Amino acid sequence: MSIPETFTQAHIPLTVEGVQLNIATLHRDGVLAPIVFLHGFGSTKEDYADIVQHAAFAGHPFVAYDAPGCGESQCSDLSRISIPFLLKTALQMLEHFGIERFHLVGHSMGGLTALMLAHQCPDRVLSFVDIEGNVAPEDCFLSRQIVDYPADDPEVFFAAFIERARDAPAYASALYSASLRHKVRAAAVRGIFESMVDLSDNADLMDKFLGLPCPRMFMYGEQNASLSYLPHIQAQGVRLAPISHCGHFPMYSNPIAMWQQIADFQANGHRR
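The sequence shown begins at 1 in UniProt numbering and counts up one residue at a time.
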């Protein structure tokens with residue numbers, strides 16, 4: 001069987017909690033274990049499209065898609081979007097593509113969604129690469145702005161959020177901010193951010209993360225090496241993957257290092 005060297009684009013109609021969705025997707029077939037990618041807030045499925053450029057992943061099918069309210073995906077009620085809603089969307093996407101067991105990669109918002117997915121379906125996840133996904137209250141440096149900089153008008157809040165992101169003293173922050181308005185619908189922001197803060201503060205995410213039976217890797221930019229829990233999770237068997245010349249966005253600042261770490265971890269880091 002020949003292995004496709006590119007990806008296929010598709011739009012998948014779904015209904016989640018009575019909300020009509022049309023999910024924009026990139027995917028590829030293959031004979032090895034599939035890889036499921038979940039992007040972060042303000043990002044899209046294209047964060048992961050370059051997997052087809054890396055020979056280390058040849059033969060692996062993959063799925064990456066725009067979360068509801070993001071990218072090219074459509075959602076009939078943006079106010080309903082939250083992390084639990086995104087979890088239910090992920091479960092339906094797995095069912096649509098017939099994916100039973102898979103490697104899981106999630107960044108930021110997608111890392112939190114991935115953690116909830118792995119916690120709910122622990123026997124299905126072969127490995128979990130968490131790219132600065134929320135595991136503790138301190139991880140809400142973006143999402144907690146919904147509390148720290150309140151605004152009744154979602155457009156007003158989002159405009160100010162974009163400005164703060166542009167001016168942040170971190171790698172790729174200005175690049176990230178430049179496309180936010182094109183990648184996220186403002187009306188989706190509050191539900192996403194409020195649920196991220198609530199889960200980070202109250203849902204025992206660290207216990208969920210450390211309790212997963214699959215091999216786990218936590219990837220972080222060198223600018224975030226001060227995260228207080230890094231020594232603790234390493235002592236509990238989590239592989240740490242610091243990315244040089246990087247803040248919160250390895251796929252923008254140092255993608256080669258990101259892909260090398262993911263490939264090595266999935267192939268050699270921890271065999272089951």
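The set of hints was computed from the structure by calculation and includes no laboratory data. Note that this is a predicted model, so its numbers are computed, not measured. Certain hints may be false.
Simulated restraints, written as ranges between beta carbons of each label pair [as the list claims (entries may be wrong)]:
no., residue 1, residue 2, range
1, Q9, Q236, 36 to 42 angstroms
2, E138, L91, 25 to 31 angstroms
3, A55, Y149, 41 to 47 angstroms
4, G98, A160, 40 to 46 angstroms
5, H232, D201, 41 to 47 angstroms
6, A33, A160, 39 to 45 angstroms
7, A174, G211, 22 to 28 angstroms
8, P231, A174, 28 to 34 angstroms
9, T8, P231, 41 to 47 angstroms
10, A225, D167, 29 to 35 angstroms
Using 20 angstroms as the maximum straight-line C-alpha spacing, the simulated EDC-like pairs for lysine to aspartate or glutamate come out as follows [unchecked claim]:
no., residue 1, residue 2
11, K183, E155
12, K183, E100
13, K183, E163
14, K183, D50
15, K208, E155
16, K88, D77
17, K183, D153
18, K183, D167
19, K88, D198
20, K88, E100
21, K88, E72
22, K208, D123
23, K183, D77
24, K88, E163
25, K183, E46
26, K88, D50
27, K183, D198
28, K208, D198
29, K88, E155
Backbone N, C-alpha and C fix where the C-beta goes; we use that ideal spot for every residue, glycine too.
Do the hints match the structure? See the list:
1. Remark: the range hint 36 to 42 angstroms for Q9 to Q236 is upheld by a beta-carbon distance near 39 angstroms.
2. Checking the proposed 25 to 31 angstroms range against E138 and L91 shows it holds: the Cβ atoms sit about 28 angstroms from each other.
3. Separation of A55 from Y149 is about 44 angstroms and conforms to the stated range, judged on CB atoms against 41 to 47 angstroms.
4. About 43 angstroms separates the C-beta atoms of G98 and A160, a value consistent with the hinted range of 40 to 46 angstroms.
5. With their beta carbons about 18 angstroms apart, H232 and D201 fall outside the hinted range of 41 to 47 angstroms.
6. In this structure the hint that A33 and A160 lie 39 to 45 angstroms apart at CB holds, the actual value being about 43 angstroms.
7. The given range of 22 to 28 angstroms is broken by A174 and G211, whose C-beta atoms sit roughly 38 angstroms from each other.
8. Judged by the Cβ atoms, the range 28 to 34 angstroms given for P231 and A174 holds: they are separated by roughly 31 angstroms.
9. The hint said 41 to 47 angstroms for the Cβ distance between T8 and P231, and at roughly 42 angstroms that hint holds.
10. Judged by the Cβ atoms, the range 29 to 35 angstroms given for A225 and D167 is violated: they are separated by roughly 22 angstroms.
11. Annotation: proposed proximity of K183 to E155 holds, straight-line Cα distance about 14 angstroms (limit 20 angstroms).
12. Taking the CA atoms of K183 and E100, the gap is near 29 angstroms; set against the 20 angstroms cutoff, the hint is violated.
13. Distance restraint check for K183 and E163: the Cα-Cα separation of roughly 15 angstroms lies within the 20 angstroms cut-off, and the hinted pair is therefore satisfied.
14. Of the pairs offered as hints, the one joining K183 and D50 holds, with about 18 angstroms between alpha carbons and a cut-off of 20 angstroms not exceeded.
15. Between K208 and E155 the alpha-carbon distance is near 34 angstroms, which puts this suggested pair outside the 20 angstroms criterion.
16. Distance restraint check for K88 and D77: the Cα-Cα separation of roughly 15 angstroms lies within the 20 angstroms cut-off, and the hinted pair is therefore satisfied.
17. The suggested pairing of K183 with D153 holds, with an alpha-carbon distance near 19 angstroms, which does not exceed 20 angstroms.
18. Restraint check: the Cα-Cα separation between K183 and D167 comes to about 19 angstroms, which is no more than 20 angstroms; the hinted pair holds.
19. Between K88 and D198 the alpha-carbon distance is near 18 angstroms, which keeps this suggested pair within the 20 angstroms criterion.
20. Distance restraint check for K88 and E100: the Cα-Cα separation of roughly 15 angstroms lies within the 20 angstroms cut-off, and the hinted pair is therefore satisfied.
21. Proximity of K88 to E72 is assessed by CA-CA distance (about 19 angstroms); at most 20 angstroms being required, the pair is judged to hold.
22. Among the hinted pairs, K208 with D123 is consistent with the structure: their alpha-carbon atoms are about 14 angstroms apart, no more than 20 angstroms.
23. Using a Cα cut-off of 20 angstroms, the hinted pair K183 and D77 holds, with the two alpha carbons roughly 17 angstroms apart.
24. Annotation: proposed proximity of K88 to E163 is violated, straight-line Cα distance about 32 angstroms (limit 20 angstroms).
25. For the proposed pair K183 and E46, the alpha carbon gap of about 11 angstroms is at most 20 angstroms, so the pair holds.
26. For the proposed pair K88 and D50, the alpha carbon gap of about 26 angstroms is over 20 angstroms, so the pair is violated.
27. Note on K183 and D198: the hinted pairing is violated, with a Cα-Cα distance of about 24 angstroms set against a maximum of 20 angstroms.
28. This hinted pair checks out: K208 and D198 have alpha carbons roughly 15 angstroms apart, not beyond 20 angstroms.
29. Of the pairs offered as hints, the one joining K88 and E155 is violated, with about 27 angstroms between alpha carbons and a cut-off of 20 angstroms exceeded.
Consistency with the previously given hints fails for numbers 5, 7, 10, 12, 15, 24, 26, 27, 29, ordered from lowest to highest.
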